[in-house]
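If you're matching them up, the sequences are chains Z and P in order. Residue numbers for the first sequence follow this note's numbering, so the first one is 1 and each next one is one higher. Residue numbers for the second sequence follow this note's numbering, so the first one is 1 and each next one is one higher.
Please note that a few of the clues may not be correct.
As the list claims (entries may be wrong) - In silico DSBU-like pairs for lysine-lysine, Cα to Cα no more than 35 Å straight-line: (1) Z/K175 - Z/K216; (2) Z/K120 - P/K3; (3) Z/K26 - Z/K94; (4) Z/K108 - Z/K200; (5) Z/K230 - Z/K26; (6) Z/K108 - P/K105; (7) Z/K94 - P/K3; (8) Z/K216 - P/K208; (9) P/K105 - Z/K67; (10) Z/K67 - Z/K18; (11) P/K208 - Z/K67; (12) P/K309 - Z/K94; (13) P/K105 - Z/K107; (14) P/K105 - Z/K94; (15) P/K3 - Z/K107; (16) P/K2 - Z/K107; (17) Z/K108 - P/K208; (18) Z/K200 - Z/K26; (19) Z/K233 - Z/K26; (20) P/K24 - Z/K94; (21) P/K2 - Z/K108; (22) Z/K107 - Z/K25; (23) Z/K94 - Z/K120; (24) Z/K233 - Z/K5; (25) Z/K107 - P/K208; (26) P/K2 - Z/K94; (27) P/K208 - Z/K120; (28) Z/K120 - P/K24; (29) Z/K108 - P/K3; (30) P/K208 - Z/K94; (31) P/K105 - Z/K5; (32) Z/K25 - Z/K233; (33) Z/K25 - Z/K5; (34) P/K307 - P/K24; (35) Z/K18 - P/K105.
No lab work stands behind these hints: they were computed from the structure. Just so you know, these numbers come straight off a predicted model, no measurement behind them.
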Amino acid sequence: MLTVKNVNTFYGQLHALKNVSLHLKKGEIVTLIGANGAGKSTLINTISGLTPPRTGSILLDGFAIEKLPPHRIVELGISQVPEGRQIFNTLSVKENLELGAFLYLRKKGGRRLYEEMVEKIFHLFPVLRERCHQPAGTLSGGEQQMLAIGRALMARPQILLLDEPSMGLAPLIVKEIFSVIHALARQGGTTILLVEQNAKAALRIADRGYVLETGKVIMEGEALELMENKEVKRAYLGRDRKDIWER
Amino acid sequence: MKKTDQILFFAFSVCILFLPLILKESYILHVFVFIGINTMLAIALNLLLGYAGQISLGQGALYGLGAYISAILSAKYGVNPWLGMGVSAVIVSAVAFIVGFPILKLRGHYLAMATLGLGIILYIIFNETVDWTGGPSGFPGIPNLKLGSLTFDNDVANFYLVWFFALITMFLALNLYQSRIGRALRAVSDSEVAARIMGVDAWLLKVKIFAASAFISSLAGSLYAHTVTFIAPASFGFNFSVELLTMVVVGGLGSVFGSFLGAAILTLLPEWLRVFHDFDIVIYGLLLILIMMFMPRGLAGLVSHLKAKVYVESK
Numbered sequence: 001m002l003t004v005k006n007v008n009t010f011y012g013q014l015h016a017l018k019n020v021s022l023h024l025k026k027g028e029i030v031t032l033i034g035a036n037g038a039g040k041s042t043l044i045n046t047i048s049g050l051t052p053p054r055t056g057s058i059l060l061d062g063f064a065i066e067k068l069p070p071h072r073i074v075e076l077g078i079s080q081v082p083e084g085r086q087i088f089n090t091l092s093v094k095e096n097l098e099l100g101a102f103l104y105l106r107k108k109g110g111r112r113l114y115e116e117m118v119e120k121i122f123h124l125f126p127v128l129r130e131r132c133h134q135p136a137g138t139l140s141g142g143e144q145q146m147l148a149i150g151r152a153l154m155a156r157p158q159i160l161l162l163d164e165p166s167m168g169l170a171p172l173i174v175k176e177i178f179s180v181i182h183a184l185a186r187q188g189g190t191t192i193l194l195v196e197q198n199a200k201a202a203l204r205i206a207d208r209g210y211v212l213e214t215g216k217v218i219m220e221g222e223a224l225e226l227m228e229n230k231e232v233k234r235a236y237l238g239r240d241r242k243d244i245w246e247r
Numbered sequence: 001m002k003k004t005d006q007i008l009f010f011a012f013s014v015c016i017l018f019l020p021l022i023l024k025e026s027y028i029l030h031v032f033v034f035i036g037i038n039t040m041l042a043i044a045l046n047l048l049l050g051y052a053g054q055i056s057l058g059q060g061a062l063y064g065l066g067a068y069i070s071a072i073l074s075a076k077y078g079v080n081p082w083l084g085m086g087v088s089a090v091i092v093s094a095v096a097f098i099v100g101f102p103i104l105k106l107r108g109h110y111l112a113m114a115t116l117g118l119g120i121i122l123y124i125i126f127n128e129t130v131d132w133t134g135g136p137s138g139f140p141g142i143p144n145l146k147l148g149s150l151t152f153d154n155d156v157a158n159f160y161l162v163w164f165f166a167l168i169t170m171f172l173a174l175n176l177y178q179s180r181i182g183r184a185l186r187a188v189s190d191s192e193v194a195a196r197i198m199g200v201d202a203w204l205l206k207v208k209i210f211a212a213s214a215f216i217s218s219l220a221g222s223l224y225a226h227t228v229t230f231i232a233p234a235s236f237g238f239n240f241s242v243e244l245l246t247m248v249v250v251g252g253l254g255s256v257f258g259s260f261l262g263a264a265i266l267t268l269l270p271e272w273l274r275v276f277h278d279f280d281i282v283i284y285g286l287l288l289i290l291i292m293m294f295m296p297r298g299l300a301g302l303v304s305h306l307k308a309k310v311y312v313e314s315k
C-alpha cells in the first residue's frame, strides 16, 4: 500500500538516505532497526513530508506523495508519532487529542466523528480519560507516549509511523505500549511502520523488518528470519550470555 | 469562550461602560483612552507571541503605518476617516501578509531580527518621505472621527470610541483562544513539528495570524491618529515596540485580560512615577525587574496561581 522507491534525502550537504526502498502491505507491522544516526527517523520524516526527498518516489496506493506538504499527507491517511513524543505540553490532554482531529473537525459531521474517536482512544488508554483536563506536560513519560499515539490515531490514519515509542520508558510500560501497537494492526487493520532501538521487542511483534546502516538498507526480511540472523544478533540484539557459554 | 472568561468579560465591559461616569472629565480618563489603544496593540502582539509563540519587534511600526495611511487619506485626500481606517487596516495587513511569507520561515532570534528590520525600514520611511508624512516634525491637522452630529474630539467620546474597538478585540481574542484555530496556534507554539504532522499548515497559519495582528495594530494606529490629530515618527519607533513587548510579558503571555493589565500598568506607571522626578525611569525599570522576578508568568499568571492556592487550601 505504501512503496518507497530509491529515495535520497539530504540535510544540506549531508546525504542522510541513500537509495532507500521499502514497502508496506496493508495491516502489516514493519520495523526499521539500526543504530543511532542510521537514518531511521529521517526515513519516517521523509515519508510524512517533513524532510522531503531530493530524488526518488513515495507512492501511497499508487499515488505519488513525495512532493506533498505534511498536512496533505496527513489528510491522505499517514500519521506520525514523532520521536521524543512531542506532545503539546501546555495544552490539556483533550486539546492534544482535538489537534489530532484538526483536519476533519471543521468538516460536516466532524464533531461527531471526533467524539467517537475520543471514546475509542479513551477505551484504548483509560488513563487518558482520568487525565483529560490536565496539561499534557504534567503526564508521566508513559502517559505522554500513550497520548502521542492517541493523538496520531485521532487523525484516523491507514498508516501509522511510530518513531521510537519505547524511548526512555520503563520496561513494563514498553510492554503495554507494544501490545497496543500489536492490537492496532491485528484487530484494527492499521498498517504500522515501527522505528525502534529496542530491536528485540520490535522484531517480536513485527511481520517484517529492515535494517538500516548509515543511510542504506543493508538487510530486509521476515521478522523471524532477522531475529535468527547472525549479523543482526551481533549488532542489534546483543549477544546472549548463553551463546558465549556454548561457544 | 470559557464560562469564567464570559463572566469576566461581561463584568469588565460593564466597568468600562460606567468608568467615565465615575472619572468625569479628568486627566485619568484621558489616560484611559491610551490604555484602550495600548490594550488593542498588546492583544495584537499577544496573538503572535502568546498564542503562536512568534516574536515581533516591528509592531510599533505596523501601528505607525496604520496611523500614517489614515492621516494621509483623511487630511490630504479628504477621504472619510471611517473609510480611511478600514482601507489602512486592509493595506497594513496585506503588507504583513506579503512580508510574513519570507520572514515567518525564520525562528527565534532570527525572526526577532527580521521583524526588527521591518520596523526600522518603516520608521525610516516615516522620517524620510517628508512630502507625505511631514517627516520628523510630524503630521498635524488630522480630522476627528464623526458619527452623525457627534464629533469624537473630547475625552468621553474618545473613551467610548476606543473602548468600543478594544472590547471587540478582546472578545474576538478570547474566542480565538478556545477555538480550533486557537488550539492550532498554541500547538505551533509548543511544538511546530508536531503541529505540522497533525495537519496544521504552520507556515501559512503564522502568516495569517501576523496579518491579523497587523490589522488590529493598524486600527489602533488609526484611532490614535484621529483622536490625537497629530502624529510623529517618534511614537512608532523601536522603543515603543519594546514597550508593547513588555506589556504582553508583564501582563502574561497568552492572556487577554493580562494584556489589558500590562497595557494599563505600563501606561499608568510613568504617570504615577512622575512624583519621583528624575528618578522615575530608575524606579520604572526596577519595578519591571521585580515583576519579572516574582511573577515570571506575568500578572495573569499570578492571578491563576492565587486561584490555585485558594482552591488547594479550601480542600
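These are the hints, each one checked on the structure:
1. Z/K175 - Z/K216: At roughly 29 Å apart (the allowed maximum being 35 Å), Z/K216 and Z/K175 satisfy the hint.
2. Z/K120 - P/K3: Distance ~28 Å between Z/K120 and P/K3 Cα, so the pair holds.
3. Z/K26 - Z/K94: holds, 30 Å
4. Z/K108 - Z/K200: Violated: Z/K108 and Z/K200 sit about 44 Å apart, past 35 Å.
5. Z/K230 - Z/K26: With Cα atoms ~29 Å apart, Z/K230 and Z/K26 stay inside 35 Å; holds.
6. Z/K108 - P/K105: Cα-Cα ~32 Å, so holds.
7. Z/K94 - P/K3: holds, 17 Å
8. Z/K216 - P/K208: Violated, because 40 Å separates the two Cα atoms, which is more than 35 Å.
9. P/K105 - Z/K67: holds, 19 Å
10. Z/K67 - Z/K18: holds, 18 Å
11. P/K208 - Z/K67: holds, 23 Å
12. P/K309 - Z/K94: holds, 24 Å
13. P/K105 - Z/K107: Roughly 29 Å between the alpha carbons, so the hint for P/K105 and Z/K107 holds.
14. P/K105 - Z/K94: holds, 29 Å
15. P/K3 - Z/K107: Status holds; Cα separation ~26 Å.
16. P/K2 - Z/K107: holds, 23 Å
17. Z/K108 - P/K208: With Cα atoms ~24 Å apart, Z/K108 and P/K208 stay inside 35 Å; holds.
18. Z/K200 - Z/K26: holds, 23 Å
19. Z/K233 - Z/K26: Holds, at about 28 Å.
20. P/K24 - Z/K94: violated, 47 Å
21. P/K2 - Z/K108: Holds: P/K2 and Z/K108 sit about 24 Å apart, inside 35 Å.
22. Z/K107 - Z/K25: holds, 30 Å
23. Z/K94 - Z/K120: Given pair Z/K94, Z/K120 holds - Cα atoms ~13 Å apart, limit 35 Å.
24. Z/K233 - Z/K5: Distance of about 27 Å is within 35 Å: holds.
25. Z/K107 - P/K208: holds, 21 Å
26. P/K2 - Z/K94: holds, 15 Å
27. P/K208 - Z/K120: Status holds; Cα separation ~34 Å.
28. Z/K120 - P/K24: violated, 59 Å
29. Z/K108 - P/K3: Measuring from Cα to Cα gives roughly 26 Å; hence the hint holds.
30. P/K208 - Z/K94: holds, 25 Å
31. P/K105 - Z/K5: Holds. P/K105 to Z/K5 sits at ~30 Å (cutoff 35 Å).
32. Z/K25 - Z/K233: holds, 26 Å
33. Z/K25 - Z/K5: Holds - the C-alpha atoms of Z/K5 and Z/K25 are around 15 Å apart, at most 35 Å.
34. P/K307 - P/K24: Holds, because 34 Å separates the two Cα atoms, which is no more than 35 Å.
35. Z/K18 - P/K105: It holds: about 28 Å lies between the C-alpha atoms, which stays within 35 Å.
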